[in-house]
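Okay, here's what each chain looks like letter by letter:
4 protein chains.
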Amino acid sequence: MKKLNIGLAGLGRLGKEYGKNIQFKIPNANLVAVCSLVEEELAYAKKELEVSDTYSNYESMLEHPNMDAVVIITSTDSHAEHIVKAMESGLHVFCEKPLSIDIENCLKVEEEAKKHSNLIVMIGFNRRYDPSYVDAKKTIIENKVGKPFFVRSQTVDKDIWAPFQVSFVKTSGGVFHDFNVHDVDLARWYIGSEVKRLWSQGGAYRFKEFGDLGDADNTFVFCEFEDGSMALLGASRTSSYGHDTFTEIIGTQGKLTVGNPPSKNRVQISDKHGVRNECNETFYDRFKDSFLIQVQDFVNSVLEGKQPECNLENATKATIVTCAMTESFKTKGIVEIKDIMP
Amino acid sequence: MKKLNIGLAGLGRLGKEYGKNIQFKIPNANLVAVCSLVEEELAYAKKELEVSDTYSNYESMLEHPNMDAVVIITSTDSHAEHIVKAMESGLHVFCEKPLSIDIENCLKVEEEAKKHSNLIVMIGFNRRYDPSYVDAKKTIIENKVGKPFFVRSQTVDKDIWAPFQVSFVKTSGGVFHDFNVHDVDLARWYIGSEVKRLWSQGGAYRFKEFGDLGDADNTFVFCEFEDGSMALLGASRTSSYGHDTFTEIIGTQGKLTVGNPPSKNRVQISDKHGVRNECNETFYDRFKDSFLIQVQDFVNSVLEGKQPECNLENATKATIVTCAMTESFKTKGIVEIKDIMP
Amino acid sequence: MKKLNIGLAGLGRLGKEYGKNIQFKIPNANLVAVCSLVEEELAYAKKELEVSDTYSNYESMLEHPNMDAVVIITSTDSHAEHIVKAMESGLHVFCEKPLSIDIENCLKVEEEAKKHSNLIVMIGFNRRYDPSYVDAKKTIIENKVGKPFFVRSQTVDKDIWAPFQVSFVKTSGGVFHDFNVHDVDLARWYIGSEVKRLWSQGGAYRFKEFGDLGDADNTFVFCEFEDGSMALLGASRTSSYGHDTFTEIIGTQGKLTVGNPPSKNRVQISDKHGVRNECNETFYDRFKDSFLIQVQDFVNSVLEGKQPECNLENATKATIVTCAMTESFKTKGIVEIKDIMP
Amino acid sequence: MKKLNIGLAGLGRLGKEYGKNIQFKIPNANLVAVCSLVEEELAYAKKELEVSDTYSNYESMLEHPNMDAVVIITSTDSHAEHIVKAMESGLHVFCEKPLSIDIENCLKVEEEAKKHSNLIVMIGFNRRYDPSYVDAKKTIIENKVGKPFFVRSQTVDKDIWAPFQVSFVKTSGGVFHDFNVHDVDLARWYIGSEVKRLWSQGGAYRFKEFGDLGDADNTFVFCEFEDGSMALLGASRTSSYGHDTFTEIIGTQGKLTVGNPPSKNRVQISDKHGVRNECNETFYDRFKDSFLIQVQDFVNSVLEGKQPECNLENATKATIVTCAMTESFKTKGIVEIKDIMP
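From first to last, the protein sequence lines stand for chains A, B, C and D.
Heads up: the first sequence begins at -9 in the numbering used here, then just goes up one per residue.
Heads up: the second sequence begins at -9 in the numbering used here, then just goes up one per residue.
Heads up: the third sequence begins at -9 in the numbering used here, then just goes up one per residue.
Heads up: the fourth sequence begins at -9 in the numbering used here, then just goes up one per residue.
Mixed in with the good hints there might be a few duds.
Here are the simulated lysine-lysine pairs, DSSO-like style, with alpha carbons at most 30 Å apart [claimed, not checked]:
| id | chain 1 | residue 1 | chain 2 | residue 2 |
| --- | --- | --- | --- | --- |
| 1 | B | Lys278 | C | Lys15 |
| 2 | B | Lys262 | D | Lys137 |
| 3 | D | Lys254 | B | Lys134 |
| 4 | D | Lys137 | A | Lys278 |
| 5 | C | Lys36 | B | Lys296 |
| 6 | A | Lys36 | D | Lys15 |
Stretch by stretch, here's where chain D covers chain A in the computed footprint (C-beta under 8 Å, at least three residues) [stated by the list, open to error]:
| id | stretch |
| --- | --- |
| 7 | 13 to 23 |
| 8 | 240 to 253 |
What the hints contain is simulated information worked out from the structure, not anything from laboratory work.
Note that the coordinates shown come from a computational prediction; the quantities given were computed from them, not determined experimentally.
Glycine included, every Cβ here is placed at the ideal spot set by N, Cα and C.
Full structure from sequences and hints, please.
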């Protein structure tokens, strides 16, 4: 069996999960190198991920003699640069979403990629690999609910994480970039058209700190698509019941929902509170499987030389919309996509 | 419009509801008389039910000059006698279930009724009038789930009523007669065959008082039917979440459930307990509509001269099974229906 | 018992239901008169509703010597005039929603009503009487889900009615007036603030006929409230699964949903299509109970001399918003409420 | 990292899944050998499972110089013999359930195991590793639903597999051994007591072929436990909607259900059939994760020298009950466990 040798950049919480998946759950991949600025993370990788070659410097890792691809799970603001450097080193690239929160940066990476058309470059929109989202897409393709004309999609976090999120507002670019990039991607995927105009609303309804930073703890964005379809994309930091990623797709002949309710498992409890399902705590509880399937698809794509669906162009388009969302939230009116293009 | 003049015997909690239904919700019925041993109840009837003729004696009410039928909502042990007396007075009869908890008594009433074949005599198995149970029956008749071969049906009360129920164990004949007569009726109705053998189990798992009285707070009875079908019939006094009347019917081509979950309405709450439905408090919250539809059917049956489904024979058959259930619980083994017949 | 004598104007499908409720289900009301332009409807009322006094002319009915109040279930465009005439005759008024689809008309009726402050005038927003919607309101008042800041509410009809609806577009004023007046009312009720701005989108996605008439078969309207809350209000004529009135309320501490799924009853079917609930066919199947409770509240309000929640001012405010929705749909941009006020 | 070298016996459909899990998904295990009588399966193992040492003879594989443990996924009738031989070769053993359908055989293996107390011997009751079943157990241990006194558990297969199952009736020992061994195990696990008496019912309600073989297509068994608890254990080969493994646990303070409805994923479809969830096709779709977690636990148990919960004694007790179920089905009466012990 042909195997892909992978270097992993970034060993934070999600990076570690990627490391375990690559090293232990993907038959046709080896984790041959990791890099991190944190000494403990490199020690972890040596011991738990069984990686011999560890680096505290990204560029050094790129010179690894026996590496085919890099997986980039570093902070958002370094994604674009890390992708370009990897391509320049002749390496295939998988990078966590978003590509960048700056449209020009996105376009520059796309431009650079054209010089390396032999390389596979994939951006991680993991929900497209979640079995339920895949099944919904299949149901639409089979025309079982007619032509989709409305998508509601939301990313809702349990309120216990809000205090941590406050400190990330500035680096993450705010709630639209941080929460809605997946929802934008799903809406584009299911509707099959591009966003034309949108109007963002929201506020710091519970945690005033977000308002002080010009951000929000709950938002909804109403979108018009080129083909006349509609979407409502929501984000929340204040759910008392758990992580609630929910998507609804209305077509001319029926409706699909994904994730209602956001139960953590198949147990239902009947007690003095009624009949109830407890819910997922985090996005990773909900999407664990999809992260594995996604990296498996990246590995297969490289080994088979096929371009994945989640390519750079797709990532750029999502960022364009999250930029427009952010702009609309600031200006309190409808923003046209064409008006924010550089 | 031809109207039926009705006298009501019994003005307890359920009797009052019957009174309101007859007087105010049934277009073709008048409540012309009531009787009760309790002075306050008669005063209530005069004022709230707008009945001029009130009686403290059942036999006196039967002599009312302008009465076509009686509705008997008195205590179980007087049902048989009250029915017979009403028939002797030439009156049509609706009586709450059960007919009697004594098989011989049931058979005597049946015998007496043969002398009054012109009279309509109906026993109140209200679940047969619940829109959901009716819909389930229709679905079976339309052969959408094939031939039913298993029914699970249960009557489950919220635990807050258990302290009151302790004092009724002796007069009600115990949990099988009191809780399961409806479940027996539903199982017979959906399966379309008669119980042949059964095995009762149970105990006083939470409220030891019931055990001291030879009764139980939770029971299940496993039944074999003449045609080889099966049923599990349950009763509980210990539900923490609410009144839970649930019925499941498995057929050769599909399955039906009625009442899962036992939500009190269409509101779902998402909070720190998860995603949940609050439940019904009492059987009346669940079956309110069916009580009205049932009495309406009685009135229509009398006015149109048609025999209702819930006749004396049907009621006797249910009592035979609840007697067998009680016997099996005492003897701790399988009881054959034919062995307990008088 | 003091009883209210009521005259009913309009004997269409819904009018007949009002008639039955008033005559047979409301203890403290009598239906003493009806009026209709259709001979068969008056015959129906005599025979089935047991009303002796029938009129083919509204004004004549108002002169009935023994009438305390009128219930107006006529076509929308006559509501305002009928209300005013009834008030001038010294009669209490219940009128089906909407008050009018013209804001000036609404305000004129309000003005006129000030001259008759002794009269009760109620507009039928029946959803406020639906037990589930009432329970949701109670849950909010008890602060169990915190401060509501988002409402999604929608009125969705089964697709089989669309062909009939085409012919009503012109008289009904279009989908926003016809479908969303209840959703506007619910959003205002739960949020406790007024709509400030809104943006309507939609189209004739399945039935092109609506597009030819300047109307739509599916719409969503995104609203901003004075207090910074948000709402998404939807309408659909194309549901394949049934009538789906659904409302979601998100608060700072939790979420409520009403009507998910829109099951017609408590039966669940497991067959080759999966595990499924069949759905309501029409709004009346869903809201039957609320229509009765609503008229009962009107009768009680008049007899007790208390003003109902669903008064003229409330109705005017709903119409203002449905006018703004219609305007936004035409102009394809955000409409401010203050800009459309006469 | 210390790693366990495993040999796999049996490469049928489930055996292959075990092979993939061991080789590719368990960090601390290597699949070093496989054996099968089928040439194609050995070729598959070489190519897809990357195993160099393949055997067509079980005994030969046991002599592999570098093997710590065997995983036995062969036919039921060879389990006991294969386990004993592995122990005699000094190897740790994981074997698929059931240990044997013959009680004496089970006891002989237990006897033999006493001579090899240094070896870990685990029987695969995978449902104990399913995250939902684990969560239910945790909820009970935390006393959130009080003391469990009733378990309903069932194994229900989609009807499309019935034609295949007919040919396995003789070797599998019939529906109770084949379907209910897991349900027996779960009931014992949750109730924490042993079955004392039971009564089996059932029939060939849809597929007469099973009746001709003395077997059934649908069965229910009503069990009494030593501590007075109850269970209803069901099996079905005729589900039209999918694989439906469902377990309900009633305690003195609440109720748990696992697997209701048996949805295949988080997608809900609203179309002309209503609002519905499609269901799992096979037990493997439902329990895929648990098979991996289970083998991981076996590997960890061996490496850490700890005895797993799913030991031989546990397996013997499950077989005793499935033997009693089979006996009761034949004799059509209550069977006492003590009466069938050898």
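Do the hints match the structure? See the list:
Taking the CA atoms of B:Lys278 and C:Lys15, the gap is near 14 Å; set against the 30 Å cutoff, the hint holds. Annotation: proposed proximity of B:Lys262 to D:Lys137 holds, straight-line Cα distance about 24 Å (limit 30 Å). Our distance criterion of 30 Å between C-alpha atoms is met by D:Lys254 and B:Lys134, whose separation comes to about 23 Å. Our distance criterion of 30 Å between C-alpha atoms is broken by D:Lys137 and A:Lys278, whose separation comes to about 34 Å.
Only pairs whose Cα atoms come within 30 Å are accepted, and C:Lys36 paired with B:Lys296 is accepted, the gap being roughly 27 Å. Distance restraint check for A:Lys36 and D:Lys15: the Cα-Cα separation of roughly 19 Å lies within the 30 Å cut-off, and the hinted pair is therefore satisfied. Counting residues of the stretch 13 to 23 of chain A whose beta-carbon sits less than 8 Å from any beta-carbon of chain D gives 5, enough to reach three: the coverage restraint holds. Remark: the stretch 240 to 253 of chain A is confirmed as covered by chain D, as 8 of its residues place a Cβ nearer than 8 Å to a Cβ of that chain, reaching the required three.
Hint check: a violation occurs at hint 4 only; the rest are consistent with the structure.
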